[in-house]
Amino acid sequence: MSRNTEVFVIGGGPAGLSAAHVAAKLGAKTLLVDDSARVGGQLIKQTHRFFGSSNRDAGIRGITIADKLQQDISEVADRLTVLENTAAVGFYHNKEAGILSQNAYERVTYQAAIVCTGATENSLTFENNDLPGIYGAGGVQTLMNVHGIKPGQKILMVGSGNIGLIVSYQLIQAGVEVVGLVEGMPTIGGYLVHASKIRRLGVPIHTSHTILKALGTEGVEGAVLCRVDEKFQPVPNTEFEIKCDCICLAVGLTPLIDLFQQAQCRMVHVGELGGLVPLHDSSMRTTNPDIFVAGDASGIEEATTAILAGRIAGARAYETIHGKSADADAIVAEAREELRTLRSGSTGERIRWGRERVLKEAGEC
Amino acid sequence: MTSLRIEKHPVLNFPERKTVKFYFEGKKYQGFEGEPIAAALHAAGIKTLRHSPQKNRARGFFCAIGRCSSCIMEVDGQINTMTCITPLKEGMQVKMQKGHGHIKP
Chain A
1 MSRNTEVFVI
11 GGGPAGLSAA
21 HVAAKLGAKT
31 LLVDDSARVG
41 GQLIKQTHRF
51 FGSSNRDAGI
61 RGITIADKLQ
71 QDISEVADRL
81 TVLENTAAVG
91 FYHNKEAGIL
101 SQNAYERVTY
111 QAAIVCTGAT
121 ENSLTFENND
131 LPGIYGAGGV
141 QTLMNVHGIK
151 PGQKILMVGS
161 GNIGLIVSYQ
171 LIQAGVEVVG
181 LVEGMPTIGG
191 YLVHASKIRR
201 LGVPIHTSHT
211 ILKALGTEGV
221 EGAVLCRVDE
231 KFQPVPNTEF
241 EIKCDCICLA
251 VGLTPLIDLF
261 QQAQCRMVHV
271 GELGGLVPLH
281 DSSMRTTNPD
291 IFVAGDASGI
301 EEATTAILAG
311 RIAGARAYET
321 IHGKSADADA
331 IVAEAREELR
341 TLRSGSTGER
351 IRWGRERVLK
361 EAGEC
Chain B
1 MTSLRIEKHP
11 VLNFPERKTV
21 KFYFEGKKYQ
31 GFEGEPIAAA
41 LHAAGIKTLR
51 HSPQKNRARG
61 FFCAIGRCSS
71 CIMEVDGQIN
81 TMTCITPLKE
91 GMQVKMQKGH
101 GHIKP
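Protein sequences appear in the order of chains A and B.
For the first sequence, the working numbering gives the first residue as 1, with consecutive numbering after it.
For the second sequence, the working numbering gives the first residue as 1, with consecutive numbering after it.
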């Protein structure tokens with residue numbers, strides 16, 4: 001069987017939902033596929049309030065933002081088809097892609113594709129890092145906030161970026177004891193407002209420390225930590241043991257880029273954005289002119305910026321099919337201005353630098 | 001062992017769902033209908049879902065979104081089932097697969 005659409009959106013997280021909503025609202029026939037059982041991406045497990053910007057989602061919990069985005073797409077249901085439990089498995093030539101649901105395989109013919117595949121969690125190298133009881137921070141959030149099950153009774157958190165800090169707080173809310181937080185850098189990576197929250201609750205934060213090994217054979221029974229020097233090398237005779245029954249790794253994310261490589265988009269490695277990302281211009285168009293990108297797949301950031309980049313991609317994808325539109329231009333201008341505000345200041349410095357590099361290299365090809 | 005199910009949460013509500021029976025390695029367990037098999041096992045205190053084919057290392061779930069394949073098991077005879085995203089149903093037979101598992105004809 002085959003399907004025909006104008007805009008084909010892959011991934012139903014904040015970026016994909018926003019892109020599909022904008023494209024359909026402007027008037028494009030749109031198809032969105034997502035490989036999970038329900039759209040919303042990682043927002044469906046994020047119980048914390050987002051900082052956002054004054055006119056977009058500030059102070060709103062992630063789960064509520066997911067509901068809002070689902071409400072948005074239901075308003076354009078006449079032009080937008082959403083397929084859950086359906087994975088995009090590859091691109092053909094001539095604007096065709098393959099999608100796989102349950103046991104059915106179909107082809108999709110599209111005019112513009114917006115790929116919003118998000119990211120995958122990083123692991124960390126240490127002895128016994130494959131034991132049951134060692135989970136990614138996203139995995140812990142899924143188990144705890146979607147399915148209502150604690151990962152264990154006592155957990156060690158590795159990584160003090162915002163995810164490590166926020167998930168530590170969520171674990172405490174769920175009734176799990178956070179026995180400590182380990183950070184290799186000499187300072188806390190995330191916002192101090194999040195760190196203060198868990199410090200007030202008595203969680204020790206071990207900066208300039210690393211995890212040497214996990215203890216146990218069939219599951220985690222503890223961990224050995226030690227100090228690291230300024231070159232991140234273990235300092236001898238500083239090892240100590242900590243008792244826990246699970247370990248959470250919050251050590252960053254890597255963009256999920258297989259589909260871009262397969263579609264022969266030119267890639268660039270930008271450390272500030274999480275690794276290899278497809279080169280794209282300020283319209284979020286990749287070097288393959290039929291394919292756009294938005295969200296973490298274009299560089300690791302967060303949900304609010306993913307929503308805005310998705311809106312830009314959706315508007316520009318609509319224009320490649322239906323021609324120039326003042327409404328699309330207005331959406332893009334508004335989103336760019338919000339992005340500029342969100343990425344301003346010292347916390348957005350790395351992101352700004354990374355994004356400038358992508359734009360510069362995109363301009364050169 | 002105290003249950004790993006969250007009883008009270010300041011932000012979230014977990015509505016009561018239908019309880020179903022299932023089997024893990026032939027032994028009877030209970031879980032909620034529709035929750036992932038790996039979640040039901042985890043709530044029952046089972047964290048080791050298989051052993052790695054080459055070095056026989058214990059494996060549990062990791063990503064919980066059907067990405068990493070750490071949680072694959074034999075479910076109702078079907079090997080390589082990603083239990084972190086496969087909904088639990090009444091009477092399911094869940095087994096640790098041996099080695100790479102055997103595809104039944």
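If you're looking for bench data, these hints aren't it; they were derived computationally from the structure.
Glycine included, each C-beta is placed from N, C-alpha and C at the ideal position.
Any given hint might turn out to be false.
Claimed, not checked - Taking lysine to aspartate or glutamate and the EDC-like style, the derived pairs with C-alpha atoms no more than 20 Å apart in a straight line are:
(1) B:Lys55 <-> A:Glu349
(2) B:Lys89 <-> B:Asp76
(3) A:Lys25 <-> A:Asp78
(4) A:Lys213 <-> A:Asp229
(5) B:Lys55 <-> A:Asp78
(6) B:Lys98 <-> A:Asp130
(7) A:Lys154 <-> A:Glu177
(8) A:Lys154 <-> B:Asp76
(9) B:Lys95 <-> A:Glu218
As the list claims (entries may be wrong) - Computed footprint of chain A on chain B; a stretch qualifies when at least three of its residues, placed anywhere within it, have a C-beta under 8 Å from a C-beta of chain A:
(10) 7 to 14
(11) 17 to 25
(12) 71 to 82
(13) 93 to 104
Unchecked claim - If you anchor each label on the Cβ, the simulated ranges turn out as follows:
(14) A:Ser283 <-> B:Gly91: 50 to 56 Å
(15) A:Arg352 <-> B:Glu90: 50 to 56 Å
(16) B:Lys27 <-> A:Phe240: 36 to 42 Å
(17) B:His102 <-> A:Asn4: 28 to 34 Å
(18) B:Ser52 <-> A:Glu177: 47 to 53 Å
(19) B:Gln93 <-> A:Gly98: 52 to 58 Å
(20) A:Glu177 <-> B:Gly34: 26 to 32 Å
Going down the list of hints, with the structure as the test:
At most 20 Å may separate the alpha-carbon atoms for a hinted pair to count; Lys55 of chain B and Glu349 of chain A exceed this at roughly 44 Å. Among the hinted pairs, Lys89 of chain B with Asp76 of chain B is consistent with the structure: their alpha-carbon atoms are about 11 Å apart, no more than 20 Å. For the proposed pair Lys25 of chain A and Asp78 of chain A, the alpha carbon gap of about 10 Å is at most 20 Å, so the pair holds. In summary, the hint linking Lys213 of chain A to Asp229 of chain A is supported, as the alpha carbons are separated by about 18 Å, within the 20 Å threshold.
Simply put, Lys55 of chain B and Asp78 of chain A have alpha-carbon atoms about 53 Å apart, too far for the 20 Å limit, and the pair is violated. Of the pairs offered as hints, the one joining Lys98 of chain B and Asp130 of chain A holds, with about 18 Å between alpha carbons and a cut-off of 20 Å not exceeded. This hinted pair checks out: Lys154 of chain A and Glu177 of chain A have alpha carbons roughly 5 Å apart, not beyond 20 Å. Between the alpha carbons of Lys154 of chain A and Asp76 of chain B the distance comes to roughly 33 Å, so the proposed pair goes past 20 Å and is violated.
Distance hint between Lys95 of chain B and Glu218 of chain A is fulfilled; the C-alpha atoms sit about 17 Å from each other, no more than 20 Å. Note: the stretch 7 to 14 of chain B has 7 residues with beta-carbon separation from chain A under 8 Å; the three-residue rule is met and the coverage holds. Given a C-beta distance limit of less than 8 Å, the hint that chain A covers the stretch 17 to 25 of chain B is violated, as 0 residues qualify and 3 are needed. For the stretch 71 to 82 of chain B, the stated coverage by chain A is not satisfied: 0 residues place a CB nearer than 8 Å to a CB of that chain, which falls below the threshold of 3.
For the stretch 93 to 104 of chain B, the assignment as covered by chain A is violated, since 0 residues bring a beta-carbon within under 8 Å of that chain's beta-carbons and 3 are needed. One distance hint, 50 to 56 Å for the beta-carbon pair Ser283 of chain A and Gly91 of chain B, holds here, with the actual separation near 53 Å. Judged by the Cβ atoms, the range 50 to 56 Å given for Arg352 of chain A and Glu90 of chain B holds: they are separated by roughly 53 Å. One distance hint, 36 to 42 Å for the beta-carbon pair Lys27 of chain B and Phe240 of chain A, holds here, with the actual separation near 39 Å.
Distance hint check: the CB atoms of His102 of chain B and Asn4 of chain A are about 41 Å apart, inconsistent with the given range 28 to 34 Å. Taken as a hint, the range 47 to 53 Å is violated for the pair Ser52 of chain B and Glu177 of chain A, whose Cβ atoms sit roughly 30 Å apart. Between Gln93 of chain B and Gly98 of chain A, the C-beta spacing of about 32 Å breaks the proposed range 52 to 58 Å. Checked against the given bound of 26 to 32 Å, the beta carbons of Glu177 of chain A and Gly34 of chain B, roughly 29 Å apart, stay inside it.
Hints 1, 5, 8, 11, 12, 13, 17, 18, 19 from the list above are not met by this structure, while the remaining hints are.
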